[in-house]
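Undergrad: This is what each chain is made of:
Number of protein chains: 2
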Amino acid sequence: MAPRALDYESLNENVKKVQYAVRGELYLRASELQKEGKKIIFTNVGNPHALGQKPLTFPRQVVALCQAPFLLDDPNVGLLYPADAIAKAKHYLAMTTGGLGAYSDSRGMPGVRKEVADFIERRDGYPSDPELIFLTDGASKGVMQILNTIIRGESDGVLVPVPQYPLYSAAISLFGGSLVPYYLEETENWGLDVNDLRQSVAQARYKGITVKAMVIINPGNPTGQCLSEANLKEILRFCYQENLALLGDEVYQQNIYQDERPFISSRKVLMGMGPPISKEVQLVSFHTVSKGYWGECGQRGGYFEMTNIPPKTVDEIYKVASVSLSPNVPAQIFMGLMVNPLKPGDISYEQFIRESKGIIESLRRRARMMTDGFNSCKNVICNFTEGAMYSFPQIRLPPKAIEAAKKAGKVPDVFYCLKLLEATGISTVPGSGFGQKEGVFHLRTTILPAEEEMPEIMASFKKFNNEFMEQYDDRSGYSRL
Amino acid sequence: MAPRALDYESLNENVKKVQYAVRGELYLRASELQKEGKKIIFTNVGNPHALGQKPLTFPRQVVALCQAPFLLDDPNVGLLYPADAIAKAKHYLAMTTGGLGAYSDSRGMPGVRKEVADFIERRDGYPSDPELIFLTDGASKGVMQILNTIIRGESDGVLVPVPQYPLYSAAISLFGGSLVPYYLEETENWGLDVNDLRQSVAQARYKGITVKAMVIINPGNPTGQCLSEANLKEILRFCYQENLALLGDEVYQQNIYQDERPFISSRKVLMGMGPPISKEVQLVSFHTVSKGYWGECGQRGGYFEMTNIPPKTVDEIYKVASVSLSPNVPAQIFMGLMVNPLKPGDISYEQFIRESKGIIESLRRRARMMTDGFNSCKNVICNFTEGAMYSFPQIRLPPKAIEAAKKAGKVPDVFYCLKLLEATGISTVPGSGFGQKEGVFHLRTTILPAEEEMPEIMASFKKFNNEFMEQYDDRSGYSRL
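Going down the list, the protein sequences come from chains B and C. In terms of the UniProt record's numbering, the first sequence is residues 1 to 481. In terms of the UniProt record's numbering, the second sequence is residues 1 to 481.
So here's chain B without its partners, still in its complex pose (with noise of 0.2 Å):
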């Protein structure tokens, strides 16, 4: 019998090429000794809660009342819910068309998108229109229908940063399109050099590739670093003379570890350049409620917002929108709330900046203690993590080690990461799930584990990498940097 239309061999080759090494073999591996009782520290995702980080009460509160709103008649309430949980409820549902229940506009509820410009306008400097801004199931879902809407086949190519969160490869190779790597250089502290984004864009030329895109992620996913100013600026002028739309995923603009370099949008920079390139630069930048001091991943709430886009397009992108619906409700009410939060004198305040801080306090010491205690293993070299959720080591991996690799039929980081796994229970990516350059290794992991368990991982780790590399070491050199 032919192959049917679901067996493999019949499959959209599209869907065949798409790799998401976050959830792979190291996760798929994790999964199954978690299942045989192993004790598993999943860092391969930036998934705070699932590592133990609380909830902020405050919008907690009001988006229990909102599934709940039988419950603002209750006389009762106000012993389990303060006076301005109840108000938010009531604001929010006022904005339905039936509570949570019903579907919204397919770009997302008409208040919530006002409250996200108002944020963007406080935080920029500068106008923004609700209507140019689209709510989502989460980032990922927007950065794979805005791809979607670019690529039209393989000869259209996206610039993407190497190493890069594989969001990125995966959607590209879903919807067909090529990728164009850039490389971020480690020994810049993972920086960019716009030279090196013009020769990717000449290579890809060349190859019969118009480029039509690029793709930055600031902060860094996985390499954590934030990018300045100038640096900003020289992009969107590469962007304006290569007639590239800027793809801005700013999902960690709330995760900054450092007072050097603050996070400054993409948005505000384009607008501060001024004409013509504040007009003519084509952007769409994504948040998200999953990261910040939220973490509230579980309930896919996402954003973006489109500058200089035409209406057509606009019109476009609202009609594949459509078509499932529309984003889901609660999560519309998390982003409302993240982007007009609590201020000094409401009821909740105090304890919602207490908890607030706690979290991204507590992060940045974790940053430091998680990047200094690869900096102290054998063969492990780590840039700190200036912002984002991730710190991404350097593994100089022996050539015993990559030949054992090799007989083992895995990509030698890779080998690393499932040694360490075994031996540990950390569940890692290896470095390859994010590209690098060739003969170098890494891995990423979260600094998400809670902080009092850091120093136990980190000793963890300490052994096992020391360990290895005395198994593996032949004293004849390492891995080149």
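Calculated directly from the structure, the hints in this document are not laboratory data. Treat the numbers as computed from the prediction; the structure is a model and nothing was measured. No residue lacks a Cβ here, since even glycine has one placed at the ideal position from N, Cα and C.
Facing chain B, a subset of chain C residues (Cβ under 8 Å, in silico):
id	residue
1	13
2	55
3	57
4	67
5	77
6	98
7	103
8	104
9	174
10	295
11	298
12	328
Place chain C on chain B using the hints.
TA: Just chain C, lined up with the frame of chain B:
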């Protein structure tokens, strides 16, 4: 300057080809009129809560508690929440890996998938495997993922009923495949003739199209018919003979308004046919929390179940699902609650039954009121709404009306629906958005307006229709049936 990446001329042509009338011209015009202050009755989309349907209390209590888990330790919790809701919240929170704020497995939480499998087994009498059940952000997202997995390019075809719910045509366009239509027979109560199916496949093959899959919507959308077991057997035998995967859209399985043909799932019929058919035909079935008496559209919860899909394909589907990390977690809990409802003796059981029965019985009455109402109008004929949430009356437009539409540059049924909207505020979807035989015109309306408002709405429709028919009556005959 050359067109930029996100200028209309540069976009992915498949995106431009997408049509989705449910939120198309009529919806956009209705939204405008609403902004201008006109009272609009949105019957364009099956969105029960938007038209006043109250959510079921118990599931909302459970999910509210899951959103605010800190309340579980509050001594006053019992004043606002019944004990069985508290117990259920604990039950579902224990399934998560960090509450609602943590990403779940990309297939959804194992515990909920087990509850779905148990539900399917109880419903059909055949065991179901949780590993072959994926939870999704609404059924539409699942349908899109499966079509994306199947379609390799424009020479891959999918059999879709006409009239159809335009999710299918939209998704097939977006993924660059070919829609192969098969017609439902209005005079046969929207039944399906397998000989016509055979002809549709033969015609497509003649054009060089590989027909890979067939879609059925049961109960039908927009047509409201319920498929008989005999008909489902014919369809499955046909899929076996023609080597087609069957996509069974069964989201309206709880919405049944007659007793002659209760819902029977494609899977139950397939399993009952025995080998080789039961072992060979590939089936993917879809369900949702958005319909039935739940109507929790805004939560975006659904699942698909795969039968006879090889593990390598399941792995590919899992991999692609993992790129967007996880379906939203609150809606997964709604799904668990839907498939594993309260039992007699539970504290909230009586209330739950009262609420759900109230909704479904009212829908049944409304289905009858609407069909009867349409059939009492001049030049309008309408099959009874046996199931689902829609009426799909045929409007026999006089030639003068068709001419007037042409002059206005409108498809005739769009012309009619726009006039209806302007005159009455009733926002419907023209039949052309679903497909219909040439020269025959319909509209789709939901049966969801509040029961007490139904007489007035139908009177308002009748008045408009009769005036319209009078205006365009040239006493020279009507559009042919």
